[in-house]
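**Student:** Chain by chain, the residues:
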Amino acid sequence: MKKLLVLGAGTAGTMVVNKLRPRLAEDEWTITIVDRDDVHHYQPGYLFVPFGEYRPDETTRPRRRFITNGVDLVLGEIDRVEPERHRVVLTDGAELGYDKLVLATGTSPRPEETPGFDSDEWGRSIHTFYTLEGATALRRALERFDGGRLVVHIVDYPFKCPVAPLEFAFLADAYFTRRGMRDRVELVYVTPLDGAFTKPVASRHLGGLLEERKIGVETDFYVEQVDPETKTLISYDEREIPFDLLVTVPLNMGADFVARSGLGNELNYIPVDHHTLVSTHDDDIFVLGDAADLPTSKAGSVAHFQGEVFVENFIRHVEGLDMVERFDGHANCFIETGNGKALLIDFNYEVEPLPGKYPLPGIGPFSLLEETEMNHWGKLLFRWFYWNVLLPGKDVPLPSAMSLLGKKTEEVGA
Amino acid sequence: MTTATIAGREIHVDAEGFLTEYDEWDEELAKQLAQNIGIDLTDRHWEIIRFLRADYRENGETPTLRRVSAVGGFPTKELFQLFPKKPAKKMAYIAGLPKPKGCV
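Chains A and B, in that order, are what the protein sequence lines are.
Going by our numbering, the letters in the first sequence line up with residues 8 to 421, in that order.
Going by our numbering, the letters in the second sequence line up with residues 2 to 105, in that order.
Calculated from the structure, these hints are not laboratory results.
The beta carbon of each residue, even a glycine, is placed where N, CA and C say it ideally should be.
Hints are not guaranteed to be accurate.
To be verified - For the chain B half of the interface with chain A, some residues (derived, Cβ under 7 Å), not all of them:
(1) Lys32
(2) Arg68
(3) Lys87
(4) Lys91
Said to hold, decoys possible - Only pairs whose alpha carbons sit at most 20 Å apart, straight line, appear in this in silico SDA-like list of lysine to any residue:
(5) B:Lys102 / A:His281
(6) B:Lys90 / A:Pro207
(7) B:Lys90 / A:Ser210
(8) B:Lys86 / A:Gln232
(9) B:Lys78 / B:Asp44
(10) A:Lys167 / B:Thr65
(11) A:Lys206 / B:Phe19
(12) B:Lys87 / A:Lys167
(13) B:Lys100 / A:Glu225
(14) B:Lys86 / A:Ile241
To be verified - Between beta-carbon pairs, the in silico distance windows are:
(15) A:Glu65 / B:Ala55: 45 to 51 Å
(16) A:Arg71 / B:Ile38: 53 to 59 Å
(17) A:Arg267 / B:Tyr23: 50 to 56 Å
(18) A:Pro69 / B:Arg51: 49 to 55 Å
(19) B:Arg58 / A:Arg117: 28 to 34 Å
(20) A:Pro249 / B:Glu79: 23 to 29 Å
(21) B:Glu11 / A:Thr98: 43 to 49 Å
(22) B:Lys78 / A:Met8: 54 to 60 Å
(23) A:Glu326 / B:Ala55: 51 to 57 Å
(24) A:Ser410 / B:Glu25: 30 to 36 Å
(25) A:Asp45 / B:Glu79: 43 to 49 Å
(26) A:His282 / B:Arg51: 27 to 33 Å
Full structure from sequences and hints, please.
**Tutor:** Listed below in structure tokens is the structure:
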């Protein structure tokens, strides 16, 4: 019997074991998937928790329920991968051997990496919505907030769901307007990049969104520390940004076992071939989702498109054929802009977000780089789609490669 | 794709003047690029630029500030002193590498 071992039962891992099980003969391949607990988080839902739009318990379900029969779920903490011995060791000493290994262990926020976050103010005036616990605490903080300076802040790139802090700023604007207190709240968006939007066409279309909502922007702000006493963010070049309420995106890093196994870069992301997702370190290791060091977004849509490419390639690979499918970096993301509207962006390694229609050229129903109610409904319906179609590994009638049809390509370099 | 004449040569650049062809860069050009943004290159600047060039050649990505500090060993504080205000962008510009970007 051959063994396929998948580390991480999140979006990428769950989806690919469900797609592979029916296609790998049960008398030839065992499939085992490992995670630390039995709770699957619908992470896109975290954004809506602080504003009271989702209850915290609406974002989680048991992992086991989404893993198909014929796949073993092992609960345990990963200590290390030993590629030369083709085995994975768990922290309780258990050893799992493999013929092929898939690493889909994601990325997680690390507030402790920024001096000052690790203080009494964490959970009081300093918050994040990147964990369910954090999003729930932030909901209470927003309810109690009676005005002042709310700073939305990004420690560093890359981080998962890179549009989420922007969405948070838009939704906060709508939330305080709804509560009739927008005039008592100063909203500031702080980024280490040179703008809230950095791609030329998207900047041209979306550049005005922050200004229209009177959301201030501080660019090139690379935080060195936060002073919890004075409630001030301090950058490496000694600029200071005071806050009453800070909503930060902490440094994101891949799993610690990646470093212990010598497989990752300085942020524990695993270098891979950009098109086949094979580890550059070892031909028997594939890397999917946020865990991979790739020049595209860390997002569920990427995991989905990668998963489709990976599954086709993996079936060919185990039959001794060449891996002919190539992942193109395809990502798409809805961006909530508040008041029942949203934007949609669609891009890949080569092509920046462009205006147009998606998925059907000229028809949509979704509009790219444009605020519409339909996009907002798409974002809300996506939760149903995630649990009922995506995770179970059902066929999705969307091509995994990005398409230029329906996009206004003439805007590039215009 | 546009071109610009830098140090008397035709060079491929993007809309913001970042080089788009790794091999069109040389040290002569770097001096001119640095001058364009008001930086006098010291030995320490050169060490950093050479690290960026080598790292890009190996990985195909412009290294982040965090990588320049964690892997290259140049303290972040110093990067802000040598390339004031926008070190990631300025280092990439002088080293002839693509500008660091977000997704939108």
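**Student:** Each hint: holds or not?
**Tutor:** Hint check:
1. Lys32: violated (24 Å)
2. Arg68: holds (6 Å)
3. Lys87: Constraint on Lys87 of chain B satisfied, holds at 5 Å.
4. Lys91: violated (10 Å)
5. B:Lys102 / A:His281: Judged against 20 Å, a Cα distance of about 18 Å means the pair holds.
6. B:Lys90 / A:Pro207: With a Cα-Cα distance of about 16 Å, the restraint between Lys90 of chain B and Pro207 of chain A holds, given a limit of 20 Å.
7. B:Lys90 / A:Ser210: holds (17 Å)
8. B:Lys86 / A:Gln232: holds (17 Å)
9. B:Lys78 / B:Asp44: holds (17 Å)
10. A:Lys167 / B:Thr65: Within the cut-off at roughly 16 Å; holds.
11. A:Lys206 / B:Phe19: holds (14 Å)
12. B:Lys87 / A:Lys167: violated (23 Å)
13. B:Lys100 / A:Glu225: Roughly 19 Å between the alpha carbons, so the hint for Lys100 of chain B and Glu225 of chain A holds.
14. B:Lys86 / A:Ile241: With Cα atoms ~14 Å apart, Lys86 of chain B and Ile241 of chain A stay inside 20 Å; holds.
15. A:Glu65 / B:Ala55: 45 to 51 Å: Given range 45 to 51 Å: holds, Cβ gap about 49 Å.
16. A:Arg71 / B:Ile38: 53 to 59 Å: holds (56 Å)
17. A:Arg267 / B:Tyr23: 50 to 56 Å: Violated, since Arg267 of chain A and Tyr23 of chain B (Cβ atoms, about 34 Å apart) do not stay within the stated range.
18. A:Pro69 / B:Arg51: 49 to 55 Å: Holds, at about 52 Å.
19. B:Arg58 / A:Arg117: 28 to 34 Å: Taking Cβ atoms as reference, Arg58 of chain B and Arg117 of chain A lie about 29 Å apart, which means the hint holds.
20. A:Pro249 / B:Glu79: 23 to 29 Å: Given a distance of about 26 Å, which is inside 23 to 29 Å, the answer is holds.
21. B:Glu11 / A:Thr98: 43 to 49 Å: violated (58 Å)
22. B:Lys78 / A:Met8: 54 to 60 Å: Since the Cβ atoms of Lys78 of chain B and Met8 of chain A sit about 55 Å apart, the hinted range of 54 to 60 Å holds.
23. A:Glu326 / B:Ala55: 51 to 57 Å: violated (40 Å)
24. A:Ser410 / B:Glu25: 30 to 36 Å: holds (32 Å)
25. A:Asp45 / B:Glu79: 43 to 49 Å: holds (47 Å)
26. A:His282 / B:Arg51: 27 to 33 Å: Distance hint for His282 of chain A, Arg51 of chain B holds at roughly 29 Å.
The structure fails to meet hints 1, 4, 12, 17, 21, 23 from the earlier list, while all remaining hints are met.
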